[in-house]
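S.K.: Whenever a hint applies, use it, and build me the whole structure from the sequences.
Residue numbers (the working numbering), protein chains in the order written: chain L, 1 to 263; chain H, 264 to 550; chain F, 551 to 828.
No lab work stands behind these hints: they were computed from the structure. Hints should not be assumed to be uniformly reliable.
Claimed, not checked - Under the rule of at most 27 Å between Cα atoms (straight-line distance), these lysine-lysine pairs were calculated in the DSS-like manner:
1. F:K665 - L:K179
2. F:K570 - F:K771
3. L:K198 - F:K806
4. F:K806 - H:K521
5. H:K346 - L:K231
6. L:K179 - F:K711
7. H:K445 - F:K771
8. L:K242 - H:K402
9. F:K711 - F:K665
10. L:K179 - F:K828
11. L:K179 - F:K678
12. L:K195 - F:K711
13. L:K198 - F:K771
14. L:K235 - H:K346
15. H:K544 - F:K806
16. L:K235 - H:K395
17. F:K629 - F:K665
18. H:K330 - H:K346
19. L:K198 - F:K570
20. F:K769 - H:K402
21. H:K504 - H:K544
22. F:K629 - L:K179
What the hints assert, rightly or not - Quick list of the computed label-pair ranges, beta carbon to beta carbon:
23. F:D688 - H:K456: 23 to 33 Å
24. F:P813 - L:G191: 50 to 60 Å
25. F:T592 - H:E391: 53 to 63 Å
26. F:G583 - L:A215: 38 to 48 Å
27. F:D574 - L:K242: 46 to 56 Å
28. F:R811 - L:A215: 25 to 35 Å
29. F:I621 - H:E453: 41 to 51 Å
Even for Gly, the Cβ is constructed at its ideal location relative to N, Cα and C.
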Amino acid sequence: MLRDITIGQYYPSGSIIHRLDPRVKFAGTFVYIVSLFVFKTFWGFLPAAVWLITLVIMARIPVKYLLKGLRPMLFLLLFMAAMNLLMTPGEVIGQWWIIKVTKEGIRSAAFMSLRLALLIMGSSLMTYTTTPTALTAAMEHIFRPLKIIRVPVHELAMMMSIALRFIPILLEETDRIMKAQQARGADFESGGLIKRAKAMLPILVPLFVSAFRRAGDLAQAMEARCYHGGKGRTKLHPLKYKLRDIIAYIIMIGYLVGCIFIP
Amino acid sequence: MIRFENAVFEYIRRDDEGNVEGITRALDDVSVHIKRGEFVAVLGANGSGKSTFAKHINGLLVPEEGKVFVGGLDTSDDNNLLKIRQMAGMVFQNPDNQIIAQTVEEDVAFGPENMGVPTDEMQQRVDEALEKVGLIAEKDNSPNRLSGGQKQRVAIAGVLAMKPECIIFDESTAMLDPAGRKEVIATAHELNKNNNITVILITHYMNEAMGADRILVMDHGKIVMDGTPRQIFSKPEEIRKYKLEVPEITELAYRLHKAGAPMPAFVLDEDEFMEAIRSAKAAGALS
Amino acid sequence: MSIILDHVSHIYNPGTTFEKRALDDISLVIPDGEFIGLIGHTGSGKSTLIQHLNGLLKPSSGNIFFNGQSIFDNDFKMKDLRREVGLVFQYPEYQLFEVSVIKDVLFGPNNLGMKTLDAEVAAYAALKSVGIDESLLDVSPLDLSGGQKRRVAIAGVLAMKPKVLVLDEPAAGLDPLGRREILDTIANIRKEQNITVILVSHSMEDVAQYVERIIVMNKGKIAMDDTPQEVYSHDEELQAMGLDIPEITRLFLRLKKEGYRLPTDVFTVDQAYEAMMK
Numbered sequence: 001m002l003r004d005i006t007i008g009q010y011y012p013s014g015s016i017i018h019r020l021d022p023r024v025k026f027a028g029t030f031v032y033i034v035s036l037f038v039f040k041t042f043w044g045f046l047p048a049a050v051w052l053i054t055l056v057i058m059a060r061i062p063v064k065y066l067l068k069g070l071r072p073m074l075f076l077l078l079f080m081a082a083m084n085l086l087m088t089p090g091e092v093i094g095q096w097w098i099i100k101v102t103k104e105g106i107r108s109a110a111f112m113s114l115r116l117a118l119l120i121m122g123s124s125l126m127t128y129t130t131t132p133t134a135l136t137a138a139m140e141h142i143f144r145p146l147k148i149i150r151v152p153v154h155e156l157a158m159m160m161s162i163a164l165r166f167i168p169i170l171l172e173e174t175d176r177i178m179k180a181q182q183a184r185g186a187d188f189e190s191g192g193l194i195k196r197a198k199a200m201l202p203i204l205v206p207l208f209v210s211a212f213r214r215a216g217d218l219a220q221a222m223e224a225r226c227y228h229g230g231k232g233r234t235k236l237h238p239l240k241y242k243l244r245d246i247i248a249y250i251i252m253i254g255y256l257v258g259c260i261f262i263p
Numbered sequence: 264m265i266r267f268e269n270a271v272f273e274y275i276r277r278d279d280e281g282n283v284e285g286i287t288r289a290l291d292d293v294s295v296h297i298k299r300g301e302f303v304a305v306l307g308a309n310g311s312g313k314s315t316f317a318k319h320i321n322g323l324l325v326p327e328e329g330k331v332f333v334g335g336l337d338t339s340d341d342n343n344l345l346k347i348r349q350m351a352g353m354v355f356q357n358p359d360n361q362i363i364a365q366t367v368e369e370d371v372a373f374g375p376e377n378m379g380v381p382t383d384e385m386q387q388r389v390d391e392a393l394e395k396v397g398l399i400a401e402k403d404n405s406p407n408r409l410s411g412g413q414k415q416r417v418a419i420a421g422v423l424a425m426k427p428e429c430i431i432f433d434e435s436t437a438m439l440d441p442a443g444r445k446e447v448i449a450t451a452h453e454l455n456k457n458n459n460i461t462v463i464l465i466t467h468y469m470n471e472a473m474g475a476d477r478i479l480v481m482d483h484g485k486i487v488m489d490g491t492p493r494q495i496f497s498k499p500e501e502i503r504k505y506k507l508e509v510p511e512i513t514e515l516a517y518r519l520h521k522a523g524a525p526m527p528a529f530v531l532d533e534d535e536f537m538e539a540i541r542s543a544k545a546a547g548a549l550s
Numbered sequence: 551m552s553i554i555l556d557h558v559s560h561i562y563n564p565g566t567t568f569e570k571r572a573l574d575d576i577s578l579v580i581p582d583g584e585f586i587g588l589i590g591h592t593g594s595g596k597s598t599l600i601q602h603l604n605g606l607l608k609p610s611s612g613n614i615f616f617n618g619q620s621i622f623d624n625d626f627k628m629k630d631l632r633r634e635v636g637l638v639f640q641y642p643e644y645q646l647f648e649v650s651v652i653k654d655v656l657f658g659p660n661n662l663g664m665k666t667l668d669a670e671v672a673a674y675a676a677l678k679s680v681g682i683d684e685s686l687l688d689v690s691p692l693d694l695s696g697g698q699k700r701r702v703a704i705a706g707v708l709a710m711k712p713k714v715l716v717l718d719e720p721a722a723g724l725d726p727l728g729r730r731e732i733l734d735t736i737a738n739i740r741k742e743q744n745i746t747v748i749l750v751s752h753s754m755e756d757v758a759q760y761v762e763r764i765i766v767m768n769k770g771k772i773a774m775d776d777t778p779q780e781v782y783s784h785d786e787e788l789q790a791m792g793l794d795i796p797e798i799t800r801l802f803l804r805l806k807k808e809g810y811r812l813p814t815d816v817f818t819v820d821q822a823y824e825a826m827m828k
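M.R.: Structure follows, in structure tokens:
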């Protein structure tokens, strides 16, 4: 059943945002993050928030999903808010024992949390609207210039896409091995840290053996299908800019320029 | 199409210090010629060398002595390898471990992408290949959601998209359930018949070999029997010597024949058995 | 050890879009000492079913009784159940992890807290019953052949001295001789130790000549539960479920249709030969 869980959090709705070239979305996310750091006042977040809300509506992503993306980051968010609240010097408005809350502290805590929340939601918008495959393809493209300094860009992208394919398979396999060892009386739930760590061995060893066997098989299958690195390779779906992508770039530049000069 | 000339291949086992522990001759002076359009089944017990034989045909392995030629090209010449692999595609045993991409369509495109097929032509090749194995509807889906038999058909499509002349099935049915096995074998026969693709079917299910034009039996790295199913399976004693079995109905007929019953020494399948019974009855030899 | 399944259903990922009803209202009695074949094609629910037999999965609804005690009782001891019901998964050789054969087989007995001596005796006996030679005891399991690995893995479960042994596709992926050998071994173990054995397979051919009862699963339900002879007479229904009956049996059914008086409880070439020579 684990196989059904897709890695990443792609939410297919077929909107125009989904259909944009992944490179555009990459750049857009980058521009958006930059804009968040340009602003120094609360009012500055207004255009960013409007920008985000517009995109979310256009992408037809339920708000519920967007908020769900925040959940894993909640601890970080609260921690940062607390640090800012307590560590900012300024006009004291409340004091208990050694804890001092300042006016500036409240302001900065709210400011930082808002910025972080907008940042997380913005970047998860990209993963909601782009398949992992497209993301990998975009990264391969964007980082292509690094080939000059001998970064194996194609190989890294290939590794990433193979990893994406095999993660669900290996998850399922882990589940199966765990059950097989449980059937032999293994106990993963009780005992101290060391006992539990030791109990992982009967899972990890078979998992590694299997991963290596799969890797060997896969390498052979790739070789048999004429794989010989990225040289001379063509693509079924090469990335090609369409009119909507160019328009998106123009809007993006407009947004960035606006954000920098309006304040 | 494929020619083995005195091919020898050895696996050397070493201990932890790197000393030679033992040598297994997986191919022992093998010479054979397989013609274009033939459907050849290769049988043999585990460790008989049949998988090693298969891997020589598309250059994954190269003989240490002797030569292997595919379509006239010598597999030991590195410059020929890509051409050989395009001509002779392989479908492996484990369906999960040979699918590379995250959608069916992209996986089928993997071979043509490596060959540098232009994008305009690629989509057409992919669609044609998926059409042939009957999986065009699954085009955009994740291979993880397919059954074992379907995954193997995706792998076949992946080979077809490279426009091969020969497909080698290296125990491709070993991990499938009976329904999946039938799917794969039926596909192999269709491609052989309709597209004149040479098929080399490595298997240890005897029934799958019954529909072949020719059977090679391997034992200890040698080809020990070579003939039509009729020739091979009418010698059950010899077959058993190589740790193989005769399909049950064929065996039953053979034993009845030997016991003096009015039965031919060889029947291919259920239908032939029924036929033999009917003609025996017509001749009045059966109550 | 008797096992009773009372209206058992199992639903994976309930309440999500991936919800799947893998078992649908299964009721089943498995008395002591039976030799059962559990047949169904991939995805019919047989793997889910057997994981209920040793408590790896719990029913979403319904109840399971082991020797009369409900799995949901507060004083139900899961550890005891794991000892009593041994489950050998498909491709069990992939679970081997220890540095030597004997250590791997000892894993189960040690987990159950058996005394050192008892554990060793059980491990040796288990290895002997699956036909692993003593010279292999200290060899790394990774260096064994495929068939040997599978035997060691089965011994690993046998060493826990289960009263019920469940094997999922024990012959999968082996060559004809290997398949026959492993199934013969299992039949011998059952004869010698007089335990309940449940053989799970998608192939009728493999189980036909061994078992005395066949349970056919389809779409999470029990489609048939009877003697092999009775089950095989439903040739067409089985085919609709993607299952085959043994070749020889099918041949005899056909001969019978053409008016020959032949028995239908014939599953092997030997039996067929006997019957036809009469």
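S.K.: Could you work out which earlier hints the structure fails to respect and list their numbers in ascending sequence?
M.R.: Result: hints 3, 10, 13, 19, 21, 23, 25, 28 break, sorted rising.
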